[in-house]
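Construct all of the structure, not just a fragment, from the sequences and the given hints.
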Amino acid sequence: MTQPIVHVENLSHVYMQGTPLEHRALDQVSIQVAEGECLAIIGHTGSGKSTLIQHFNGLIRPQSGKVIINGMDVSSPKIDIRTLRRQVGLVFQNPEDQLFEKLVGDDVAYGPFRMGLPLEEVRRRVQWAMDLVGLSFEEMKDRPTFALSGGQKRKVALAGVLSLQPKVLVLDEPTAGLDPRSRLELLDRIRRLNREEKLTVIFVSHNMEEVAKLADRVYVMANGQSVCEGTPRQIFGNQELLRQHHIGTPESVDILYRLREQGYSIDPSAFLPEETAMEILKLMNR
Amino acid sequence: MTAQPIIRVENVSFAYQVNQDQQIPVLQNVSLEVFPGEYVAIIGHNGSGKSTLSKHLNGILTPSEGDVIVNGINTREKQRIHEVRSRVGMVFQHPDNQIVATIVEDDVAFGLENIGTSAEEMKTRVDFALEAVGMSAFRHRPPHHLSGGQKQRIAIAGILAMKPQCLVMDEATSMLDSYGRRDILAVVRKLHREGMTIVTVTHHMSEVVEADRVIVMEGGKIVLEGTPRQVFSHQERLRELHLDVPDASRIAHLVHSGHSEFSRDLIHIGEVVAEVNRVYIRQAEASGS
Chain A
1 MTQPIVHVEN
11 LSHVYMQGTP
21 LEHRALDQVS
31 IQVAEGECLA
41 IIGHTGSGKS
51 TLIQHFNGLI
61 RPQSGKVIIN
71 GMDVSSPKID
81 IRTLRRQVGL
91 VFQNPEDQLF
101 EKLVGDDVAY
111 GPFRMGLPLE
121 EVRRRVQWAM
131 DLVGLSFEEM
141 KDRPTFALSG
151 GQKRKVALAG
161 VLSLQPKVLV
171 LDEPTAGLDP
181 RSRLELLDRI
191 RRLNREEKLT
201 VIFVSHNMEE
211 VAKLADRVYV
221 MANGQSVCEG
231 TPRQIFGNQE
241 LLRQHHIGTP
251 ESVDILYRLR
261 EQGYSIDPSA
271 FLPEETAMEI
281 LKLMNR
Chain B
1 MTAQPIIRVE
11 NVSFAYQVNQ
21 DQQIPVLQNV
31 SLEVFPGEYV
41 AIIGHNGSGK
51 STLSKHLNGI
61 LTPSEGDVIV
71 NGINTREKQR
81 IHEVRSRVGM
91 VFQHPDNQIV
101 ATIVEDDVAF
111 GLENIGTSAE
121 EMKTRVDFAL
131 EAVGMSAFRH
141 RPPHHLSGGQ
151 KQRIAIAGIL
161 AMKPQCLVMD
171 EATSMLDSYG
181 RRDILAVVRK
191 LHREGMTIVT
201 VTHHMSEVVE
211 ADRVIVMEGG
221 KIVLEGTPRQ
231 VFSHQERLRE
241 LHLDVPDASR
251 IAHLVHSGHS
261 EFSRDLIHIG
271 EVVAEVNRVY
281 IRQAEASGS
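If you read the sequences in order, they're chains A and B. For the first sequence, full-length UniProt numbering assigns the number 1 to the initial residue and increments by one for each residue that follows. For the second sequence, full-length UniProt numbering assigns the number 1 to the initial residue and increments by one for each residue that follows.
Note that these hints are calculated values from the structure, not bench results. No experiment lies behind these values; they were computed from the predicted model shown. It cannot be assumed that every hint is accurate.
Below, a sample of chain B positions facing chain A; criterion: calculated Cβ distance under 10 Å [as the list claims (entries may be wrong)]:
(1) GLY44
(2) ASN46
(3) GLY148
(4) LEU176
(5) GLY180
(6) LEU254
(7) GLU261
(8) VAL272
(9) VAL279
So, partial list: chain B residues that the calculated Cβ filter (under 7 Å) puts toward chain A [as the list claims (entries may be wrong)]:
(10) TYR16
(11) HIS203
(12) LEU243
(13) ALA248
(14) ARG250
(15) VAL255
(16) ILE269
Cβ-Cβ distance ranges computed for the label pairs, FRET-style [claimed, not checked]:
(17) A:LEU119 x B:ALA101: 42 to 52 Å
(18) A:LYS102 x B:ILE73: 27 to 37 Å
(19) A:HIS23 x B:SER136: 22 to 32 Å
(20) A:GLU274 x B:ASP212: 29 to 39 Å
(21) A:ASP131 x B:PRO25: 23 to 33 Å
(22) A:ARG233 x B:GLY270: 22 to 32 Å
(23) A:ASP97 x B:ASP127: 32 to 42 Å
(24) B:GLN283 x A:GLN3: 49 to 59 Å
(25) B:GLY72 x A:LYS213: 42 to 52 Å
(26) B:THR102 x A:SER265: 48 to 58 Å
(27) A:LYS213 x B:VAL18: 28 to 38 Å
The beta-carbon is built from N, C-alpha and C at its ideal position, and this holds for glycine as well.
See the structure below:
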């Protein structure tokens with residue numbers, strides 16, 4: 001691996017330190033993300049995923065351990081936080097809650113406008129960002145944000161982050177709450193941002209189909225620690241690990257495991273429905 | 001069904017007013033009845049109007065045209081809206097937006113305080129509601145330290161304390177992980193068994209297969225309706241509407257197309273496993289004899 005764009009070393013974080021509610025959210029986490037990679041972070045609720053990614057653009061500063069983003073040390077008191085946030089775009093869970101302008105175009109333009117870019121450049125970036133997420137600039141820029149559907153709002157929020165042209169895009173549960181069509185479309189957009197625009201993508205997800213479709217590599221978090229790392233196929237083929245860390249499996253994988261428990265010879269890492277169907281057909285046509 | 005419906009949606013149209021001369025139509029002439037004890041799932045992609053429809057069921061929104069009647073009360077009667085909402089309770093998508101108090105039991109009691117329930121009755125109802133969602137052990141905890149699934153169970157308890165006849169869930173599990181979702185589904189299944197009417201708006205096909213009746217929305221209209229098995233047999237139509245089918249159903253169709261003896265009318269994972277067994281044993285017998 002060349003110099004990683006995100007380098008986390010022995011990172012720990014304790015919420016409400018010194019109170020009875022003290023909670024260790026991160027415990028000696030180390031992860032590396034190479035430039036251009038698409039990385040998934042999975043884990044049960046409360047495993048520390050969201051705390052981890054909030055370090056990537058300096059929303060949380062390291063209490064102990066190191067976070068280095070594209071050569072910038074996030075723990076340094078002298079860090080230029082605005083430069084960091086232009087490099088790392090963070091899209092929260094339910095980003096649609098954060099739309100605040102009345103009109104779509106204004107909301108997307110807010111970031112570049114605040115950067116003090118000339119109006120022409122702001123306009124160009126808004127158009128570019130809306131195009132990337134699949135919103136027609138002409139048709140949508142003057143639409144009121146409140147009248148959009150959930151999926152459309154999420155695209156607007158994503159466009160707002162992209163308009164800053166970050167090098168790293170961090171997404172917390174990017175497709176939670178979207179319908180199947182918007183989910184597939186958004187996944188496709190994110191994949192293209194990664195493959196074509198060479199954006200480094202880091203995303204947190206509960207949805208294993210999404211992880212399977214998108215990620216080059218997966219980190220599994222549990223109890224504030226990074227407990228395992230591998231390709232999606234390596235991770236999903238390991239039922240023990242998934243059960244142990246309360247990570248749900250897709251229905252198709254459940255079927256495979258149940259068949260295997262009944263004594264059929266079957267490959268449980270075939271996690272897509274098409275692959276599952278192939279495995280069953282192999283049994284039938286034996 | 002001969003019983004009176006709890007909810008009657010009659011020819012409802014609804015449009016969001018953008019400004020004086022611009023409207024965005026969301027619902028067009030939707031009619032629907034929900035009967036006591038029914039479990040109805042509403043599916044459709046974002047923008048199909050399903051969420052807007054669900055917000056009509058207890059008068060959060062009132063129709064631009066047409067009427068919604070809840071237990072004989074028109075939701076347009078603003079002075080009777082409390083009656084409507086005590087019959088039909090609603091749980092929303094985001095757990096965090098529904099918690100108002102700093103202690104779990106206070107949160108569950110919030111609605112009761114507003115209607116002036118006596119302290120004794122309040123305690124009984126909060127006990128009942130927390131028990132029903134399996135959260136009694138958490139009654140003195142601050143809700144913001146709970147997981148999303150636990151928060152949603154608290155939100156449901158707050159509704160149950162009001163003793164409604166019908167629970168409407170607007171994508172109530174969509175922000176939860178698969179374990180949180182499973183907890184909520186177990187609670188809902190139990191409530192339904194005990195007689196509660198359930199209307200759920202969802203994208204998760206694993207929830208849809210639990211319903212008695214599925215309503216598919218598209219472009220503000222109801223385009224398909226039936227039992228889960230009937231609806232999921234229309235795979236082509238659902239694909240046109242960009243909707244998922246349960247993995248089990250998808251797999252059954254795929255296996256069927258390569259091996260016609262394998263039934264394609266399956267919607268539960270247990271059914272797929274059983275069908276593999278059935279076909280496998282028959283083949284073994286055939287080749288053995």
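In ascending order, which of the hints set out earlier in this document are inconsistent with the structure? none
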